[in-house]
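Whole structure, please, built from the sequences with the hints as guidance.
One letter stands for each residue in the lines below.
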Amino acid sequence: MAMITPPPQGSLPADVGAPPDLVAPDGAGALSAVQAEELGLAPAAQSRGMLRRGWEVFAENKLALVGLGIVVFMVLFCFLGPVFYHTDQIHTNLNTVLCSPSASHLLGCDNVGYDQLGRLMVGGQTSLEVGVAAAVVAVLFGTIYGAVSGFVGGVVDSFLMRVVDAGLSIPYITLIIILSVAFHPTKFIMIFIIAVFYWLGVARLIRGETLTLRTREYVQAVKVIGGRGRRAVIRHILPNAIGTIIVQATFAVADSILTLSALGFLGLGVQAPNTDWGSMLSGGLNYLQSSQSYWWLIYPAGIAIIITCIAFNFIGDALRDAFETRLQRR
Amino acid sequence: MIGFLIRRFAQALVVLFFVTVITLALVHIFPGGPIRALLGPRGTGQQLAYYNRLYGFDQPFYIQYLKWINQLIHGNLGFSPKLNQSVSSLIAQDLPKTIVLVALGTIVSLLFGIPLGMYQAVKRYTVGDYVLTGLSFLGYATPTFFVGLLLVEWFAVDVHIFPPFAPQGSSVGTILSQPRALVLPVLAYSFVLYALWSRYMRSSVMDNLVQDYVRTARAKGASERRVLWGHIFRNSLISIVTLLGLSLPTLVAGAIFIEVVFNYPGMGLAFYQAATNVDYQVLLGFTVLATVATILGNLLADISYAMLDPRVRYS
Chain A
1 MAMITPPPQG
11 SLPADVGAPP
21 DLVAPDGAGA
31 LSAVQAEELG
41 LAPAAQSRGM
51 LRRGWEVFAE
61 NKLALVGLGI
71 VVFMVLFCFL
81 GPVFYHTDQI
91 HTNLNTVLCS
101 PSASHLLGCD
111 NVGYDQLGRL
121 MVGGQTSLEV
131 GVAAAVVAVL
141 FGTIYGAVSG
151 FVGGVVDSFL
161 MRVVDAGLSI
171 PYITLIIILS
181 VAFHPTKFIM
191 IFIIAVFYWL
201 GVARLIRGET
211 LTLRTREYVQ
221 AVKVIGGRGR
231 RAVIRHILPN
241 AIGTIIVQAT
251 FAVADSILTL
261 SALGFLGLGV
271 QAPNTDWGSM
281 LSGGLNYLQS
291 SQSYWWLIYP
301 AGIAIIITCI
311 AFNFIGDALR
321 DAFETRLQRR
Chain B
1 MIGFLIRRFA
11 QALVVLFFVT
21 VITLALVHIF
31 PGGPIRALLG
41 PRGTGQQLAY
51 YNRLYGFDQP
61 FYIQYLKWIN
71 QLIHGNLGFS
81 PKLNQSVSSL
91 IAQDLPKTIV
101 LVALGTIVSL
111 LFGIPLGMYQ
121 AVKRYTVGDY
131 VLTGLSFLGY
141 ATPTFFVGLL
151 LVEWFAVDVH
161 IFPPFAPQGS
171 SVGTILSQPR
181 ALVLPVLAYS
191 FVLYALWSRY
201 MRSSVMDNLV
211 QDYVRTARAK
221 GASERRVLWG
231 HIFRNSLISI
241 VTLLGLSLPT
251 LVAGAIFIEV
261 VFNYPGMGLA
271 FYQAATNVDY
281 QVLLGFTVLA
291 TVATILGNLL
301 ADISYAMLDP
311 RVRYS
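Sequences listed follow chains A and B, in order. Each residue of the first sequence is one higher than the one before, counting from 1 in the working numbering. Each residue of the second sequence is one higher than the one before, counting from 1 in the working numbering.
Honestly, the hints are just simulated from the structure, not real lab data. All figures in this text were calculated on a predicted structure; none of them were measured in a lab. Beta carbons are placed, not taken as given, at the ideal position from N, Cα and C, and that holds for glycine. Treat each hint with caution, since some may be false.
Stated by the list, open to error - A short, non-exhaustive set of chain B residues, derived as facing chain A with CB atoms under 8 Å:
{"hint": "1", "residue": "V15"}
{"hint": "2", "residue": "F30"}
{"hint": "3", "residue": "F79"}
{"hint": "4", "residue": "L83"}
{"hint": "5", "residue": "F137"}
{"hint": "6", "residue": "T142"}
To be verified - Coverage of chain B stretches by chain A, computed from C-beta distances (three or more under 8 Å per stretch; other residues unrestricted):
{"hint": "7", "segment": "68-78"}
{"hint": "8", "segment": "254-261"}
{"hint": "9", "segment": "271-285"}
{"hint": "10", "segment": "293-304"}
Below, the structure written as structure tokens:
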């Protein structure tokens with residue numbers, strides 16, 4: 001079935017994490033083909049040099065280094081922080097309800113007496129873990145789905161892609177809200193609920209990539225030599241699409257963190273006493289209206305979400321440049 | 001063109017089939033089934049059996065599906081036992097208000113996004129471009145509800161310029177009669193969209209700037225203003241129109257969060273309340289409606305893309 005020319009991938013609304021800036025609307029497919037050819041022609045022994053060239057392009061981008069720094073800081077803060085800053089994040093404490101920031105509670109306390117700074121660390125653990133895990137699950141599944149669809153082609157491809165079209169037609173937020181209500185999710189289930197919407201876009205992207213790669217000589221050669229389809233996909237198509245896959249995964253982390261925070265804000269996220277950055281904000285709305293401003297209920301968690309997502313977006317942009325072989329100095 | 005339209009419609013129908021199957025299947029994911037979710041843990045086995053038969057959940061899935069589709073075709077979106085109201089009347093009551101919010105927010109975001117995106121492309125790699133790029137990165141990374149929270153904190157709590165709540169009322173007229181209360185919800189709604197449009201407009205204009213027709217226009221002595229507004233602007237708008245058609249899921253998501261933050265009495269808020277009450281008929285009806293709208297949006301985007309851009313020829 002002839003696909004109509006889809007609008008540029010970067011413009012897909014599900015793709016909000018990816019500013020469509022560097023994606024050349026019409027040349028995207030051709031570009032990756034050139035890239036693939038060059039990658040494909042490079043013998044395995046040179047792969048280290050390729051990685052180093054990629055890193056040079058990445059490191060040239062100051063914003064990317066800032067992004068990397070922020071991510072490293074956030075991981076240390078959330079996972080090592082509680083070792084140095086002990087707080088009780090299990091039992092509520094009525095004596096410290098809504099206490100202002102002080103020496104003993106650096107960022108004050110929330111509406112049930114949890115220390116906000118400690119809560120920020122614990123919530124960050126959830127946000128980062130779920131964000132990264134959901135991105136990995138979604139990208140892995142979407143990649144396999146898209147590669148199979150594109151490689152097999154024909155009726156199978158049409159069927160698989162109509163399923164993706166259908167999935168993308170259901171506004172993802174309604175789907176995710178219904179799933180969250182139905183399952184009262186734990187951290188683990190949350191990963192899959194978020195991945196449910198994200199894999200669709202990835203599948204479509206990788207399918208497109210596979211379609212261009214499938215016609216390359218070295219993939220055709222596998223067939224001629226008598227290699228099986230599985231070998232062509234695993235050994236030749238996926239390695240050459242790895243750039244696209246990693247860039248997508250990076251943006252997916254930012255999007256997943258945002259989605260998790262949105263669910264948390266609606267009170268549909270992980271269940272107390274567990275929390276995430278979005279759940280921390282859901283209480284904040286009620287205290288905005290009161291005479292005293294409880295700024296520590298809103299700003300820390302909100303800013304944590306924003307800078308983490310910006311950091312992942314910076315990294316994703318830089319990775320896209322790094323995998324763009326044209327930009328690598330050789 | 002006719003062939004393309006027919007094929008595209010057929011494709012949309014196939015997608016519609018898959019979507020309705022998925023949506024109806026969603027009802028069955030509630031642990032213990034939809035009726036258990038409705039009755040709660042204290043519903044007896046007898047009650048369960050009675051209501052399952054009443055609503056036809058004891059029948060095979062394909063019978064349920066056919067019955068449901070038959071209902072939908074006749075405009076019956078179901079009945080909410082929790083609200084004691086038919087879903088269609090709920091939608092008739094709330095949808096117009098949400099359309100007001102979405103339309104105003106989209107218009108405001110386009111009014112800022114298109115000119116500023118163009119400015120960025122023309123003055124690329126200058127301070128102004130970097131500042132606006134930073135702003136759109138912020139737009140991509142900030143959850144919609146947090147924008148709402150901040151605006152309330154700044155303009156309704158710290159400085160009492162605007163009321164912290166959205167306009168209340170049951171009709172579009174009463175909503176529109178309180179323009180001051182509309183300002184914050186609309187602004188919050190448009191911020192994330194602004195980032196989307198401006199970013200897209202910037203890259204679209206930059207693509208067009210290097211096209212041959214621009215060089216030709218310049219060679220013929222057209223003024224820079226004429227090149228920009230007469231040629232580049234119009235061609236860049238094509239992709240924005242397409243993007244608009246594809247953005248319905250984003251628009252729906254934004255509406256849900258803004259309505260929850262500002263307590264705006266629209267469809268998003270009703271959907272959220274239905275979700276927390278496990279009012280599955282409302283969830284089903286809303287999801288189907290939003291999905292059909294999305295499919296139509298995609299269809300219109302493809303068709304308008306083909307009509308507006310003569311270079312696009314579908315075989």
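Hint check results:
1. V15: 5 Å, holds
2. F30: 5 Å, holds
3. F79: 19 Å, violated
4. L83: 16 Å, violated
5. F137: 6 Å, holds
6. T142: Where the cut-off is 8 Å and the nearest Cβ of chain A is about 5 Å from B:T142, the hint holds.
7. 68-78: Since 0 is below three, the answer is violated.
8. 254-261: holds (count 4)
9. 271-285: holds (count 6)
10. 293-304: The restraint on the segment 293-304 of chain B holds, since 5 of its residues have a Cβ under 8 Å from chain A and three suffice.
Violation of the numbered hints given earlier is confined to hints 3, 4 and 7; the remaining hints are satisfied by the structure.
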